[in-house]
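Residue numbers (our numbering), protein chains in the order written: chain A, 42 to 521; chain B, 42 to 521.
Careful, some of the hints might be misleading.
Claimed, not checked - DSSO-like, lysine-lysine: derived pairs with alpha carbons at most 27 angstroms apart:
no. : chain 1 : residue 1 : chain 2 : residue 2
1   : B       : K99       : A       : K357
2   : B       : K99       : A       : K99
3   : A       : K99       : B       : K357
Bear in mind the hints are in silico, worked out from the structure with no lab data behind them.
Number of protein chains: 2
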Amino acid sequence: MAEHAITPRAKDFSEWYNDVIMRAQLADYSPVRGCMVIRPRGYGIWELMQQALDGMFKETGHQNAYFPLFIPQSFLAKEADHVEGFAPQLAVVTHGGGKELDEPLVVRPTSETIIYSMLSKWIQSYRDLPVLLNQWCNIVRWEMRTRLFLRTTEFLWQEGHTAHATSDEAETEARMILGIYRRFAEEWMAMPVITGVKTDSEKFAGAVRTYAIEALMQDNKALQAGTSHFLGQNFAKAFDTTFQTAAGGLDHVWSTSWGVSTRLIGGLILTHSDDNGLICPPRLAPIQVVIVPIWKTDTEREAVLQTCNGVMDSLKAGGMRVHLDWRDSMKPGAKYYEWEGNGVPVRLEIGPREVSQGQAMLARRTGGKAPVRLSEVAPATRAALDAIQQDLLSQARSRREQNSVRNVTKDQLVQLMDGAGGFAYGGFCGSGTCENEIKDQTKATVRLLPDPEFRSNPAPTKCVWCGQPATVEAVWARAY
Amino acid sequence: MAEHAITPRAKDFSEWYNDVIMRAQLADYSPVRGCMVIRPRGYGIWELMQQALDGMFKETGHQNAYFPLFIPQSFLAKEADHVEGFAPQLAVVTHGGGKELDEPLVVRPTSETIIYSMLSKWIQSYRDLPVLLNQWCNIVRWEMRTRLFLRTTEFLWQEGHTAHATSDEAETEARMILGIYRRFAEEWMAMPVITGVKTDSEKFAGAVRTYAIEALMQDNKALQAGTSHFLGQNFAKAFDTTFQTAAGGLDHVWSTSWGVSTRLIGGLILTHSDDNGLICPPRLAPIQVVIVPIWKTDTEREAVLQTCNGVMDSLKAGGMRVHLDWRDSMKPGAKYYEWEGNGVPVRLEIGPREVSQGQAMLARRTGGKAPVRLSEVAPATRAALDAIQQDLLSQARSRREQNSVRNVTKDQLVQLMDGAGGFAYGGFCGSGTCENEIKDQTKATVRLLPDPEFRSNPAPTKCVWCGQPATVEAVWARAY
Numbered sequence: 042m043a044e045h046a047i048t049p050r051a052k053d054f055s056e057w058y059n060d061v062i063m064r065a066q067l068a069d070y071s072p073v074r075g076c077m078v079i080r081p082r083g084y085g086i087w088e089l090m091q092q093a094l095d096g097m098f099k100e101t102g103h104q105n106a107y108f109p110l111f112i113p114q115s116f117l118a119k120e121a122d123h124v125e126g127f128a129p130q131l132a133v134v135t136h137g138g139g140k141e142l143d144e145p146l147v148v149r150p151t152s153e154t155i156i157y158s159m160l161s162k163w164i165q166s167y168r169d170l171p172v173l174l175n176q177w178c179n180i181v182r183w184e185m186r187t188r189l190f191l192r193t194t195e196f197l198w199q200e201g202h203t204a205h206a207t208s209d210e211a212e213t214e215a216r217m218i219l220g221i222y223r224r225f226a227e228e229w230m231a232m233p234v235i236t237g238v239k240t241d242s243e244k245f246a247g248a249v250r251t252y253a254i255e256a257l258m259q260d261n262k263a264l265q266a267g268t269s270h271f272l273g274q275n276f277a278k279a280f281d282t283t284f285q286t287a288a289g290g291l292d293h294v295w296s297t298s299w300g301v302s303t304r305l306i307g308g309l310i311l312t313h314s315d316d317n318g319l320i321c322p323p324r325l326a327p328i329q330v331v332i333v334p335i336w337k338t339d340t341e342r343e344a345v346l347q348t349c350n351g352v353m354d355s356l357k358a359g360g361m362r363v364h365l366d367w368r369d370s371m372k373p374g375a376k377y378y379e380w381e382g383n384g385v386p387v388r389l390e391i392g393p394r395e396v397s398q399g400q401a402m403l404a405r406r407t408g409g410k411a412p413v414r415l416s417e418v419a420p421a422t423r424a425a426l427d428a429i430q431q432d433l434l435s436q437a438r439s440r441r442e443q444n445s446v447r448n449v450t451k452d453q454l455v456q457l458m459d460g461a462g463g464f465a466y467g468g469f470c471g472s473g474t475c476e477n478e479i480k481d482q483t484k485a486t487v488r489l490l491p492d493p494e495f496r497s498n499p500a501p502t503k504c505v506w507c508g509q510p511a512t513v514e515a516v517w518a519r520a521y
Numbered sequence: 042m043a044e045h046a047i048t049p050r051a052k053d054f055s056e057w058y059n060d061v062i063m064r065a066q067l068a069d070y071s072p073v074r075g076c077m078v079i080r081p082r083g084y085g086i087w088e089l090m091q092q093a094l095d096g097m098f099k100e101t102g103h104q105n106a107y108f109p110l111f112i113p114q115s116f117l118a119k120e121a122d123h124v125e126g127f128a129p130q131l132a133v134v135t136h137g138g139g140k141e142l143d144e145p146l147v148v149r150p151t152s153e154t155i156i157y158s159m160l161s162k163w164i165q166s167y168r169d170l171p172v173l174l175n176q177w178c179n180i181v182r183w184e185m186r187t188r189l190f191l192r193t194t195e196f197l198w199q200e201g202h203t204a205h206a207t208s209d210e211a212e213t214e215a216r217m218i219l220g221i222y223r224r225f226a227e228e229w230m231a232m233p234v235i236t237g238v239k240t241d242s243e244k245f246a247g248a249v250r251t252y253a254i255e256a257l258m259q260d261n262k263a264l265q266a267g268t269s270h271f272l273g274q275n276f277a278k279a280f281d282t283t284f285q286t287a288a289g290g291l292d293h294v295w296s297t298s299w300g301v302s303t304r305l306i307g308g309l310i311l312t313h314s315d316d317n318g319l320i321c322p323p324r325l326a327p328i329q330v331v332i333v334p335i336w337k338t339d340t341e342r343e344a345v346l347q348t349c350n351g352v353m354d355s356l357k358a359g360g361m362r363v364h365l366d367w368r369d370s371m372k373p374g375a376k377y378y379e380w381e382g383n384g385v386p387v388r389l390e391i392g393p394r395e396v397s398q399g400q401a402m403l404a405r406r407t408g409g410k411a412p413v414r415l416s417e418v419a420p421a422t423r424a425a426l427d428a429i430q431q432d433l434l435s436q437a438r439s440r441r442e443q444n445s446v447r448n449v450t451k452d453q454l455v456q457l458m459d460g461a462g463g464f465a466y467g468g469f470c471g472s473g474t475c476e477n478e479i480k481d482q483t484k485a486t487v488r489l490l491p492d493p494e495f496r497s498n499p500a501p502t503k504c505v506w507c508g509q510p511a512t513v514e515a516v517w518a519r520a521y
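Looking at chain A on its own, in the form it has when it is part of the complex:
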């Protein structure tokens, strides 16, 4: 297949993003409006993300389950905010088995309602609590403007749903999951995030409080990368999910829900890639190391092949995901170009000279090339992968810090959002009026009311917009 050319970021960031995806064959447009196809190289990243997250969920006591794709339309209406938030985005099944249905079914835009209808049946007593569930599935939300991975009508995600005996316990759960999301973003995706709580206008439809992780992309727009909701008793009351308390009374359960989606793959691309294509953090790279053999004569071929196979074996034994590119219809330079676009973190070049010198040339996707001894190829490659993983995180963190402005004034906020973008920290009076005016005039939204770790010191005292006393600090940005 012909290689897909990549538009430079400086020329058109949005085109660049699509080009990176096409070049690496991560996904493709489908004939169905707003729905994408996730190709094997993209799905391989998702599988590694799933493994890592699933492990963290299970370590903290969660179990996977599966609830129906279809939800009776009347269920959504049981929670007033919920239906108001999701009604405009629904796909509706009106016919099944050749007949019109008595009640239309919506394709799940999220599963709180169908899950709470079941929990009402399963939970009787405090002894049945907590219920700690997670589900990996597809979700449909009818979107007007779609972008591969970032916003698609259908997407894949996990949705956790937990029910507890007390408000505190549910709150602790929602925060604990936020911590898992942060750890995953930073340790696996090498994508630094800030954490905090959403304002009421930005929270999940049906939640009491929405916590989120937010990352800053290379174009200085924010990406909401994961959310964790404290739902209070809202869904429990809508579906009458009650339990007998230890004291003998009857109470509604307290609950949480939380999710991350294939949008994370969009975040990974927008955080690390360059004008040559994808850069995949080693821990999430389906292929971590590609070995490219170089030869001209048959004699060279044999010696090189033997060495390459030996290197592959020792890297595999070292737990690395390796591919040996032995296509003989293609020149080494063309292979370098292809694997660069695919984002493979480390390339090992091995030709007759390397064989005779007992070494391989190790090239990092992030730049730099140096020989390594064949006798130490596994530990040296592992060290390179670890270093790349660390470097990507610290580079992304520096970039974010350079593009975060503290204690912005009204003028600065307007100028920043019209210009360079980034995270703007400032005081906020908490009023919906200021929030809306800022949104209208700058296209920036409050991304978070940041957690203490990310707050400014000293704390801002006045609202950036109205000048009245600040009740909280907020972070503004234009967002995906």
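Once you have looked at the hints, place chain B on chain A.
Showing chain B alone in chain A's frame:
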């Protein structure tokens, strides 16, 4: 939660099946017609099935991908047999985002059409072949009568889709996958199967040939447990999926598709369970060993706890999935009863007597109880698990052989299908007339034209129904 009582198999097999599922909390009925909820204990079995199959698919070069849930209605019509087969079973989305759609979307009943529309874009040359894809996803087929796991409107499955340069290569792939399905059924599910090809009337809508694995359940009804289709060039022609051949010509690709679903969980239950509940083959048991401590006084409790923790650690170190049931509100007998219903293969009972004698009592779910030395608890438990796995397979195989009748006559076939059931082997002239008459009069269908390994020796010479010369041997049974 109250324990669910189990109807004995002899009284009502169908009720027994539902009771086993409810008692073990594998699944539940949902408020959505024909759709089930897979609860954590059932989903845990599915996760182990997925891991095992996914590993086998990847070892043989397949990669996972994801294609859209929705398919434009017009796509299905492009392959005439395909649309005829699936049209009555479709769920149709007519509204999205609050508007009526220009073209209705069907919820995928299988993904050939959407996948071939993409392959047409991706495949240009013989160098792009073979394409070896697999997808884990949900599927919707509107069903009139549903049974938990066995037949549900929505189910989970994997669907493999491969495209090749030659007919032979595609045929080899379809057969190779059939072998993987057989190996999985026997080595993991301990469910023996026969393999072969379907008659034209039973094949997949759009296939040239459908291969299948068929198992015999405890009520002597057959279960089609997996199918692998040689599709010829049918979908390639419908979607114009062509490639430039090595010789420079242009040809349509040759393709296969193949799938197994959550129906396998139904097969597992119907093959092994008994009147006390689920029996789960150890290799697919989410919990393989449950440790039940026994104590009365606080002193006893402490000693028993210490021993139980030590046992748990050594079993885990031995790679076993272990649960220590330390609930103190429940008597040991009640715990035995609960874990028996849940199908856990091995129970270790440890009380003060066991602690003082340096042993544990090992009870097998399949019967039998004997002490094992604590110093050898890990290897002894591993040996018990392996023996249970083997025993379940050989018991199921004996049962199937006892209920397989060779060279049936017409009268025997009628009597058998009206009475005991089972697999009936006999000669078949191959005519649709005989096939239909047998179906009408006995409710039995041709399950397979068996592969050589399963054929009778000597081969039957006459058709069981019309007495004309047999062209093939067939296996009849009533089926799920």
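We went through each hint and held it up to the structure:
Distance check on the hinted pair: B/K99 and A/K357 sit about 16 angstroms apart at the alpha-carbon level, within 27 angstroms; holds. Among the hinted pairs, B/K99 with A/K99 is consistent with the structure: their alpha-carbon atoms are about 24 angstroms apart, no more than 27 angstroms. Our distance criterion of 27 angstroms between C-alpha atoms is met by A/K99 and B/K357, whose separation comes to about 16 angstroms.
No hint from the list above goes unmet by this structure.
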